[in-house]
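**Q** Sequence:
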Amino acid sequence: LTPMVADELRDAEQTYPASWIEEAIQIAVTNNVRKWRYILGILERWRQEGKQDGISRRDSQKELKQQVPEEYRDIIKR
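Counting from 27, one number per residue, gives the positions in the sequence shown under my numbering.
Mixed in with the good hints there might be a few duds.
[Claimed, not checked] Label pairs and their in silico Cβ distance ranges:
(1) Glu97 to Val55: 31 to 39 Å
(2) Gln78 to Pro29: 32 to 40 Å
(3) Ile53 to Leu27: 26 to 34 Å
Since the hints were derived computationally from the structure, they do not count as laboratory data.
Ideal Cβ positions, reconstructed from N, Cα and C, are used throughout, including at glycine.
Starting from the given sequences, assemble the full structure and let the hints guide the process.
**A** Below you can see the structure in the form of structure tokens.
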């Protein structure tokens with residue numbers, strides 16, 4: 027794990043729910059893609075479109091808000 031990827035992972039932990047990160051990594055592994063940008067693409071798509079797990083986009087945004095510390099909520103795109 028390079029220092030740059032470690033920093034990006036820390037940033038992702040502040041932005042996305044841990045369950046999303048874990049699932050995005052599992053999808054990347056299943057598709058044999060070993061690029062962090064691929065995982066970020068999955069996470070960003072889920073943030074914008076709502077995660078397709080039976081939860082509406084509104085509920086996905088609610089879950090995301092609950093996972094993001096209060097001081098960072100104003101900088102997250104909605």
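**Q** Determine for every hint whether it applies to the structure shown.
**A** Comparing the hints with the structure gives:
Roughly 33 Å separates the CB atoms of Glu97 and Val55, a value that falls within the hinted 31 to 39 Å. Remark: the range hint 32 to 40 Å for Gln78 to Pro29 is upheld by a beta-carbon distance near 33 Å. Hint check: Ile53 to Leu27, Cβ distance near 19 Å, so the stated range 26 to 34 Å is violated.
Violated hints amount to a single one, hint 3; each of the other numbered hints is respected by the structure.
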